[in-house]
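Fit chain L to the supplied structure of chain C, relying on the hints for placement.
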Amino acid sequence: MTCTGKRWHTALAVVLTGVMLFPVYWMINVSLTREQDMRKTPPDLFPLHGTLAGYQEVLREQLPYLGTSLIIGLGATLLTVAVSAPAGYALAALRPRGGGVFGFLLLAAQMVPGIIMAMGFYAIYLRSGLLQTVPGLIVADSTLAVPFGVLVCAAFMSGIPGELLQAARIDGAGHLRTFRSVVLPMSRNALVTVSLFAFLWSWSDFVFAATLDNGGRYEPITLGIYHYIGNNNQQWNAIMATAVVASLPAALILVLAQRFVAAGVTAGAVKE
Amino acid sequence: MTTLLERGTTTGAAPAAPRRRRTTNWAGWAFLAPAAIYLVLFYAYPLYRNIDLSLRDYTVRSFVRGDAPFTGLANYLAVLRDPTFGPALVHTVAFTAVSLVFQYSIGLALAVFFNRRFRLSATLRALFLVPWLLPLIVSASTWSWLLNSESGVVNAGLHALGVAPVDWLTSPTWSLVSVIIANIWIGVPFNLVLLHSGLQAIPASLYEAAALDGAGGWRRFRHITLPMLRPVTAITLLLGLNYTLKVFDIIWIMTRGGPVDSSTTFATWSYRLGFGNLLPSFGLGAAVGNLLVLTALAFGLIYLRTQRKRVSA
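Each protein sequence line maps, in turn, to chains C and L.
Those letters in the first sequence? Residues 1 to 272, by my numbering.
Those letters in the second sequence? Residues 1 to 313, by my numbering.
Just chain L, same shape as in the assembly:
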């Protein structure tokens, strides 16, 4: 597992004479060419089109004909001034932060638990992966029905406990909470697997030595597990963040960002602007989407910065 986490440094072809090196270079580019062309055609070009969309004033007609006037940053300004911007920003941050905190802590607790040797441990851990592997539309529609106000099993359970029914998906107070719960459920397995593989890489001798020194379970966790797990934690949180910022399916299927924007994030807002209305505003949708890309890239750079610092430290 650790070999997968840390990319092997074994060189395939040993560095040979310069002449050899040149032919290897050519061959390397030739083998890289399909992927490079692919990257340009199917990543760079759509991204370029998206930026172009966000800088023009599009109507349905000009979208088809492709003669929309260039309006510079007007779409971005309109988005920033839109009354949805504030709530969408708050919801995106809340959705991401709360999801990450719970996914990570539940995932870590489970990883520590499953790290002990007991019967069925591996099998049950594998079963935990199911929520992560299911198509998002399956998870989202299942959760919709679980949380249904009248016929959902969650409210039936609350009723049995003497708690009044909650309008999970249809009240502005609870809609964001509901989609966060579903998203945590989907993300826990991923955290569990990564953190578990990280735990496996911590040498048992460290724990034995600490136990000999009289360190209790909690102290061993704080002073061995957490520090040793830090690189895995960083990559887990980064991947989780990147994934959570993008989440669109779950929210859209469960609440469509509603009621009244109460669970709208940048991702669902962007989709609604571009595709959710009878009169699409592609320019605005693309602008919102690009704000999302910038956020993701910023976090990626922060991650790289901290990694580099740790390496040089």
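Looking at chain C on its own, in the form it has when it is part of the complex:
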């Protein structure tokens, strides 16, 4: 009895997942559809006359955008980790006076809408010449992840046993040494989680790209897709093929680092 009940559950779960992921399937389906079948009614539910023309278009036109996104993503990730890991250690283990206020400011910083940050950055970059530059976008994108990064590092590092840190200190290790040789290696999971999300968020960023880098020499892939749509382009197979390629980092991360993703989602709910 329970056995059939369980099977029924699995079947329902598969159906629900199918419904939820239908738009993703449709994106892939359209990316493989031939130009002449695009406006067919009803549309083909399967790419029966599959074509890779859309993907050839991606290779021809979108590679520079993808490269830019990769560099911006890596840069923002490095910056995020470099800023958050020491701060996390300070908040978790050293607890300086004023640390609580700092934590609160981080929470508040997460509430600021991207569009407002973008306008402020625009005003600053316009005069400092950082508009439409890769470093400018790296800095702006890193603001998406730094508060999250500090909070995750702090939450994780506060779980490191105090005796361990004291033992290091008794052995004559200074704060810097303790941080480098004890805290950082032990916090690998937190650092991976922070890096994954920092990369994903800056890879996916559209707000900063559209405001700070529109028309720049090096534009990220989100703008690549946006220009495609904006040009009233009717090559939906190429648009969706670009979308599929732009989704690859998310897919890879989900397959290879699932537990970090789940940890990261719940860590977003870290509270003081």
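Please keep in mind that the hints were generated in silico from the structure rather than gathered at the bench.
Ideal placement from N, C-alpha and C gives every residue a C-beta, glycine not left out.
So the derived list for chain L, only partly shown, Cβ under 8 Å to chain C, looks like this: (1) ARG49; (2) VAL64; (3) ARG119; (4) TRP185; (5) LEU194; (6) PHE282; (7) ASN290.
Covered by chain L, according to a simulated footprint, are these stretches of chain C (three or more residues, beta-carbon under 8 Å): (8) 22-35; (9) 80-88; (10) 93-107; (11) 238-246; (12) 249-258.
What follows is chain L alone, placed relative to chain C:
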């Protein structure tokens, strides 16, 4: 999971002698310094610039030269008097409230369902995360094509059911509904994961005891699940609210706030004022944006208030 939700209270370095304490303080500040400088340069300064923008009368020329005259709250008054203000406010509230209600209830239903043990449960739950992880421009453009009036698969499905095609993105009646649907789709996974981890933390013994007392499934849900889930619910809704208020990408990519403002929210209005026109009005855009920050902060404070009450109660 619960350890992540509730920040550990284990102190790293044990409180030592006062002398020790002072050096720890210095070291603490030193380790905090990069992040503090970062916060000042890349959060406080842009925010300050934004407030400054909203208090001056900017033209393109004065924007570049930086000599715009100070006009006090004139931009805010202009925004409040603008005919777009009313609709934008209504749409922001409707977009946020409807999205949250559906994201939460669908997320909770799925979380309860996935909380049972069955084959593939963990794998399928992981797959549910996909919509949340995709870049917003990918989701938004996919939904644009799904909801396309002539060639969209949604209208094809409706046609098969004998329903007349709907102009999802191009009619003022449906544009807001369309972007809400897309936003719910994106937000459900996040609610599912948080609520699921909350459910896992509820001890099974509670349910067993209730079942022994003869409580049915619905009563167990109402009297155990919901009350025990309340802290997780609060943080989920707060994060959802904070995220939904900010949503700009999806709406802008799918409808650009149109047709005729029918899906304009504060976020898209702010962007259109500052960047969407040939003649940008940064002052007004910044003013609209700051109204949005105030709203988000107000809700954050309400959350903190209710949390504190619960702790002290």
